[in-house]
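J.: Protein chains in written order, with my numbering: chain V, 1 to 340; chain R, 1 to 290.
In short, the hints are calculated from the structure, not lab data. Careful, some of the hints might be misleading.
Computed footprint of chain R on chain V, listed as stretches where at least three residues anywhere in the stretch have a Cβ under 8 Å from a Cβ of chain R [claimed, not checked]:
1) 119-125
2) 137-147
3) 258-265
4) 296-305
Distance condition first, Cα-Cα at most 20 Å in a straight line; then the derived SDA-like pairs of lysine to any residue [said to hold, decoys possible]:
5) 258(R) x 148(V)
6) 258(R) x 138(V)
7) 309(V) x 93(R)
8) 309(V) x 89(R)
9) 309(V) x 86(R)
10) 242(V) x 88(V)
The model shown is predicted, which means the values in this text are computed figures rather than measured ones. Backbone N, C-alpha and C fix where the C-beta goes; we use that ideal spot for every residue, glycine too.
Chain by chain, the residues run as shown.
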Amino acid sequence: MINSSRYWVQRSTATSRLGAVLGIMLLAVLISVPYWGGRAEMRLLVEVFYILALAQLWNLLAGYGGLVSVGQQAFLGFGGYMLFVFSIHVGVGAVWTIPLAGILGALISLPVAFLVFRLRGHYFAIGTWVVAEVFMLIFAQIIALGGGSGASLPVSVVRSIASSRSVREATIYWVALAVVVAVIVVIYLLLRSRHGLALTAIRDSEEASRSLGVDNFRAKLMVYIFAAFGTAAIGALIFLTKLRISPAAAFDINWTTTVIFIVVIGGIGTIEGPIIGTIIYFLLREPLADYGSWYLILLGSTAVLIMLKAPQGIWGLISERFELRFFPVQRQLRWTVNDD
Amino acid sequence: MIEWVNTVLQGILTGGLYALFAAGLAIIFGVMRLVNITHGDLIVLSAFVAMVAIDVMGFNPFISLVAVLPIMFVFGYILQRSILNFTLGDDLLPPLLVTFGLSIVIQNLLLQIFSADSQRIKAGSLEILSIQLYENLSVGVFPLIVFIVAVFIIIGLQYLFSNTRIGRAFRATSDDAVTAQLMGINDRHIFSLSMALALLIVGIAGLFVGISTNFDPSAGPSRLLFAFEAVIMGGLGSLWGTLAGGIILGVSQNIGAKLDPGWQILAGHIAFLVILVFRPNGLFPRMRDD
Numbered sequence: 001m002i003n004s005s006r007y008w009v010q011r012s013t014a015t016s017r018l019g020a021v022l023g024i025m026l027l028a029v030l031i032s033v034p035y036w037g038g039r040a041e042m043r044l045l046v047e048v049f050y051i052l053a054l055a056q057l058w059n060l061l062a063g064y065g066g067l068v069s070v071g072q073q074a075f076l077g078f079g080g081y082m083l084f085v086f087s088i089h090v091g092v093g094a095v096w097t098i099p100l101a102g103i104l105g106a107l108i109s110l111p112v113a114f115l116v117f118r119l120r121g122h123y124f125a126i127g128t129w130v131v132a133e134v135f136m137l138i139f140a141q142i143i144a145l146g147g148g149s150g151a152s153l154p155v156s157v158v159r160s161i162a163s164s165r166s167v168r169e170a171t172i173y174w175v176a177l178a179v180v181v182a183v184i185v186v187i188y189l190l191l192r193s194r195h196g197l198a199l200t201a202i203r204d205s206e207e208a209s210r211s212l213g214v215d216n217f218r219a220k221l222m223v224y225i226f227a228a229f230g231t232a233a234i235g236a237l238i239f240l241t242k243l244r245i246s247p248a249a250a251f252d253i254n255w256t257t258t259v260i261f262i263v264v265i266g267g268i269g270t271i272e273g274p275i276i277g278t279i280i281y282f283l284l285r286e287p288l289a290d291y292g293s294w295y296l297i298l299l300g301s302t303a304v305l306i307m308l309k310a311p312q313g314i315w316g317l318i319s320e321r322f323e324l325r326f327f328p329v330q331r332q333l334r335w336t337v338n339d340d
Numbered sequence: 001m002i003e004w005v006n007t008v009l010q011g012i013l014t015g016g017l018y019a020l021f022a023a024g025l026a027i028i029f030g031v032m033r034l035v036n037i038t039h040g041d042l043i044v045l046s047a048f049v050a051m052v053a054i055d056v057m058g059f060n061p062f063i064s065l066v067a068v069l070p071i072m073f074v075f076g077y078i079l080q081r082s083i084l085n086f087t088l089g090d091d092l093l094p095p096l097l098v099t100f101g102l103s104i105v106i107q108n109l110l111l112q113i114f115s116a117d118s119q120r121i122k123a124g125s126l127e128i129l130s131i132q133l134y135e136n137l138s139v140g141v142f143p144l145i146v147f148i149v150a151v152f153i154i155i156g157l158q159y160l161f162s163n164t165r166i167g168r169a170f171r172a173t174s175d176d177a178v179t180a181q182l183m184g185i186n187d188r189h190i191f192s193l194s195m196a197l198a199l200l201i202v203g204i205a206g207l208f209v210g211i212s213t214n215f216d217p218s219a220g221p222s223r224l225l226f227a228f229e230a231v232i233m234g235g236l237g238s239l240w241g242t243l244a245g246g247i248i249l250g251v252s253q254n255i256g257a258k259l260d261p262g263w264q265i266l267a268g269h270i271a272f273l274v275i276l277v278f279r280p281n282g283l284f285p286r287m288r289d290d
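Let the sequences and hints guide you as you build the complete structure.
T.: Quick look at the structure:
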């Protein structure tokens with residue numbers, strides 16, 4: 001018999017405590033990069049940060065919410081355009097357009113959800129893609145934003161961030177770091193909360209979770225809106241680093257393609273997976289950049305192979321083998337056997 | 001007035017091509033509940049196969065089907081048997097992500113082989129021949145052929161599914177693959193045959209796309225979206241519905257283009273979204289997708 005005082009629910013693991021210490025040390029190092037790092041490294045890291053943040057958001061959508069969207073570029077491009085609208089035409093400070101773009105992205109995701117949530121499963125995926133195309137075609141019609149050929153961010157807006165180039169680059173770097181840390185922390189806390197428990201239940205079985213009283217629709221809608229918020233904010237950040245926007249670049253399906261490959265290869269349905277996937281993506285990209293489409297063929301075939309042979313991805317294989325969990329979101333029952 | 005009649009008429013004929021895109025997608029979904037994201041890329045792939053057959057063998061465009069159709073049929077069977085069969089199951093993620101990955105692989109392989117240049121299959125005088133119906137109103141012979149072929153293919157598929165042994169096997173496997181197996185049907189073989197059949201139609205659609213528009217390796221996704229919109233607008237599970245959906249798409253695109261050239265594709269998407277709001281199951285639904 002198990003005595004009630006002899007069992008408990010364990011949430012953190014030795015790895016996660018070690019991980020938290022290592023994470024804080026890594027964060028401290030990353031915060032200090034602008035003081036000693038080169039410009040090229042900083043630019044690369046900014047890209048790593050926003051791709052990782054996008055991957056975490058897509059993983060939350062598909063891996064936990066069961067919402068396989070291939071149209072997240074709708075919100076990314078929308079956020080990018082909000083940077084241009086509000087910094088050029090309204091005069092909002094460029095950095096402040098990032099949270100603003102997020103809020104507007106969340107608002108616009110409501111009517112979008114009203115449409116695409118009518119489509120189930122596979123058809124949901126293609127429906128989101130249609131919506132992204134509609135966004136692209138509409139923004140291509142807006143002459144004030146440069147129409148089909150796009151627009152550049154005026155020098156005055158860029159200068160308004162900071163007058164010196166190095167301060168400007170450091171600011172954007174810290175903002176990008178803050179965005180990715182915020183995305184990971186919020187997703188981690190969300191998944192550890194009771195909402196996270198509901199999402200995990202939905203991921204494992206929609207019917208079973210509904211029978212236990214989970215409001216599947218509400219949980220999915222919440223995830224969808226949050227992903228739209230984050231993706232739109234990141235869109236504003238991305239085009240703040242690029243300084244130029246066009247409908248084709250903003251609403252490019254390749255944003256979502258890259259992120260899907262990263263999440264699938266790294267391991268879908270875990271927080272560690274997208275991190276591993278992003279590291280692999282950038283490690284392979286540097287040497288293979290010259291091969292252009294061969295790199296995409298390699299990524300695509302790897303993702304197909306992983307989905308067929310090891311759908312839990314690289315992190316899934318590692319954590320299964322070594323029982324490692326840096327971001328424990330599960331609850332484990334532990335007890336000591338009472339001999340009396 | 002006559003201009004608008006013309007716009008609508010041309011739109012209807014374009015709808016025949018879209019119905020061909022959609023029929024392949026509808027068969028695959030009907031038999032194995034698989035939404036094939038590679039569908040558009042396979043249409044473009046078959047256009048390239050037709051182009052090579054015409055260039056290398058010196059075939060007449062229509063004769064090229066003698067080479068294209070068997071290639072696509074075998075390719076479809078192998079694709080399903082060696083890869084896609086392993087993705088089928090209760091989980092939605094594997095089929096979606098595998099076909100998505102394959103789509104990127106096919107696009108980039110085509111890009112490596114054929115470059116990003118825009119291509120077109122030449123069909124000689126057929127491209128410009130037209131029939132005068134009325135003063136200022138004429139229809140092109142080629143769009144008319146496409147439309148008639150589409151109608152015959154749908155009649156043929158309807159017959160195949162309702163009146164033949166293999167059609168019965170398709171329907172039985174679709175209803176309940178496990179029980180169908182007990183009745184001596186090899187479901188993996190049936191799934192592969194349905195993909196092969198879908199790619200036969202893709203082969204025909206690919207040739208028609210190649211003749212009627214410019215195409216390049218990146219042209220697949222928009223074909224997928226048209227096919228998908230026609231299927232949803234027509235109603236899941238209904239072959240005639242795909243024709244209706246294709247026609248609605250073609251007509252709304254043509255009306256959009258007439259108002260402003262920039263609105264052509266947008267008008268088609270908006271028609272789709274409007275129907276999604278008011279008739280989420282499409283116009284002629286025969287199947288529920290859950």
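J.: Now tell me, hint by hint, if it's right for this structure.
T.: Outcome of the hint check:
1. 119-125: holds (count 6)
2. 137-147: holds (count 4)
3. 258-265: Coverage by chain R holds here, the residue count being 3 at a Cβ distance below 8 Å.
4. 296-305: As far as the segment 296-305 of chain V goes, the hint holds, because 7 residues have Cβ atoms under 8 Å from chain R.
5. 258(R) x 148(V): Given pair residue 258(R), residue 148(V) holds - Cα atoms ~19 Å apart, limit 20 Å.
6. 258(R) x 138(V): Holds. Residue 258(R) to residue 138(V) sits at ~17 Å (cutoff 20 Å).
7. 309(V) x 93(R): With Cα atoms ~13 Å apart, residue 309(V) and residue 93(R) stay inside 20 Å; holds.
8. 309(V) x 89(R): holds, 14 Å
9. 309(V) x 86(R): holds, 9 Å
10. 242(V) x 88(V): Distance ~15 Å between residue 242(V) and residue 88(V) Cα, so the pair holds.
Against the hints set out earlier in the document, no violation occurs for any number.
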